[in-house]
Amino acid sequence: MTRLYAYCVGDDLAAETVEGASGVAGSPLVLFRRGPLAVVASPFDGKAVPATRENVLEHSRVNGLVLARTTPLPFRFGTLVDERRLQEHLERNEAALLAALGRVRGCVEMGAKVIWDAAAQSEGGGESEDEGPASPASPRGAGTAFLLAKRRALEGAEALKGRAEELAALLAARLEGLARESSVEVNPAGSLVVRAAHLVARGREAEYRERLRALGREREDLRLMLSGPWPPYSFGPQRAERA
Amino acid sequence: MKKFPPDSPEPVEPEVETEHAAVFAEELRRAADALPERINVDAQSVEQGLAKLVLTLIELVRRLLEKQAVRRMEGGDLSPEQVEELGLALMKLEEKMGELKAQFGLEDEDLNLDLGPVGKLI
Numbered sequence: 016m017t018r019l020y021a022y023c024v025g026d027d028l029a030a031e032t033v034e035g036a037s038g039v040a041g042s043p044l045v046l047f048r049r050g051p052l053a054v055v056a057s058p059f060d061g062k063a064v065p066a067t068r069e070n071v072l073e074h075s076r077v078n079g080l081v082l083a084r085t086t087p088l089p090f091r092f093g094t095l096v097d098e099r100r101l102q103e104h105l106e107r108n109e110a111a112l113l114a115a116l117g118r119v120r121g122c123v124e125m126g127a128k129v130i131w132d133a134a135a136q137s138e139g140g141g142e143s144e145d146e147g148p149a150s151p152a153s154p155r156g157a158g159t160a161f162l163l164a165k166r167r168a169l170e171g172a173e174a175l176k177g178r179a180e181e182l183a184a185l186l187a188a189r190l191e192g193l194a195r196e197s198s199v200e201v202n203p204a205g206s207l208v209v210r211a212a213h214l215v216a217r218g219r220e221a222e223y224r225e226r227l228r229a230l231g232r233e234r235e236d237l238r239l240m241l242s243g244p245w246p247p248y249s250f251g252p253q254r255a256e257r258a
Numbered sequence: 013m014k015k016f017p018p019d020s021p022e023p024v025e026p027e028v029e030t031e032h033a034a035v036f037a038e039e040l041r042r043a044a045d046a047l048p049e050r051i052n053v054d055a056q057s058v059e060q061g062l063a064k065l066v067l068t069l070i071e072l073v074r075r076l077l078e079k080q081a082v083r084r085m086e087g088g089d090l091s092p093e094q095v096e097e098l099g100l101a102l103m104k105l106e107e108k109m110g111e112l113k114a115q116f117g118l119e120d121e122d123l124n125l126d127l128g129p130v131g132k133l134i
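Those protein sequence lines, which keep their order, are chains A and B. First residue of the first sequence? That's 16 in the working numbering, and the numbers climb one at a time after it. First residue of the second sequence? That's 13 in the working numbering, and the numbers climb one at a time after it.
Among the hints, a few may not be true.
[Claimed, not checked] Straight-line alpha carbon distances no greater than 20 Å define the calculated PhoX-like cross-link-like pairs of lysine-lysine that follow: (1) B:Lys64 - A:Lys165; (2) B:Lys113 - B:Lys64; (3) B:Lys79 - A:Lys176; (4) B:Lys104 - B:Lys79; (5) B:Lys64 - B:Lys108; (6) A:Lys165 - B:Lys104; (7) A:Lys165 - B:Lys79; (8) A:Lys176 - A:Lys165; (9) B:Lys108 - B:Lys79.
The hints are simulated quantities; they were obtained by calculation from the structure and are not laboratory data. Note that the structure is predicted; figures quoted are calculated from it, not measured.
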């Protein structure tokens with residue numbers, strides 16, 4: 016059965032944006048319009064779209080084509096729907112989609128990832144060689160030693176969490192006045208400690224990069240990876256519902 | 013079929029910038045390796061999945077018990093003997109969990125839970 020592979024949805028998509036262009040599996044791009052919304056899609060035969068390099072790049076390229084003209088809300092890779100389901104989706108979520116499109120209008124998503132050496136970060140982070148007795152008359156047997164070790168581990172984890180949150184705050188401070196919205200995930204237990212996505216006005220991507228490059232030069236303990244511009248994958252309607 | 017319509021602006025292509033490409037590539041490879049290429053629905057994998065789920069829940073409770081025990085120890089409302097006894101019980105529980113994980117071929121990271129805004133379990 017032929018279904019539609021959906022790339023993105025917008026409220027100001029023009030037919031000429033996709034006219035004559037192709038998408039995944041070489042199928043022609045079409046605009047599926049319902050009310051004020053339109054979805055960029057292409058017909059697809061099959062149960063699922065294989066997650067091959069070629070297909071992923073094709074998905075990204077089509078969204079990049081639309082992003083060159085306007086800011087849509089991208090669907091995740093591999094979204095296949097039939098026309099009826101797509102129509103229902105657009106009708107049911109029209110208000111939320113329009114609100115999300117309003118929030119991202121004129122913007123692109125930029126990304127920053129930070130890796131740190133968790134072992135180095137935890138040095139001196141609340142651990143001490145001698146905890147002292149659990150209480151004055153502590154027998155310091157195996158059970159007591161076990162709990163004291165757990166206390167050290169918990170203190171270390173708390174200290175690490177605090178440092179990771181400081182780092183996320185530092186990133187936010189550096190992007191003040193530039194990031195319209197942020198989506199930040201902090202994971203102190205991992206080496207990839209911060210994954211951040213920022214909604215940045217078009218034309219200010221270079222400023223975004225420069226501000227974070229400066230941070231990277233100041234903090235040699237951090238390894239930064241910057242990316243973008245992307246369609247706003249991290250700023251869809253679900254995010255507005257959570258907020 | 014043309015890739016782009018005539019007279020259209022060039023598609024926006026994201027740029028990736030880092031001075032530590034190898035470190036990030038390794039991190040991404042590790043994340044990708046953790047994902048199964050496909051989900052097998054056979055008796056063994058169902059059993060493994062069930063064991064993983066149950067052990068994850070036990071691990072959650074075990075860690076909560078440990079935190080609670082540390083708090084009580086710090087609060088000073090336990091005698092040294094009670095601290096020792098509680099510590100031994102939790103130590104045995106940790107050992108037992110280790111045995112069960114080994115039996116089902118699970119690592120600590122397999123028992124992690126993404127709790128959304130709260131963070132990860134482990």
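Status of each hint after checking the structure:
no.: 1; hint: B:Lys64 - A:Lys165; in the structure: violated, 24 Å
no.: 2; hint: B:Lys113 - B:Lys64; in the structure: holds, 9 Å
no.: 3; hint: B:Lys79 - A:Lys176; in the structure: holds, 16 Å
no.: 4; hint: B:Lys104 - B:Lys79; in the structure: holds, 16 Å
no.: 5; hint: B:Lys64 - B:Lys108; in the structure: holds, 15 Å
no.: 6; hint: A:Lys165 - B:Lys104; in the structure: holds, 14 Å
no.: 7; hint: A:Lys165 - B:Lys79; in the structure: holds, 8 Å
no.: 8; hint: A:Lys176 - A:Lys165; in the structure: holds, 16 Å
no.: 9; hint: B:Lys108 - B:Lys79; in the structure: holds, 18 Å
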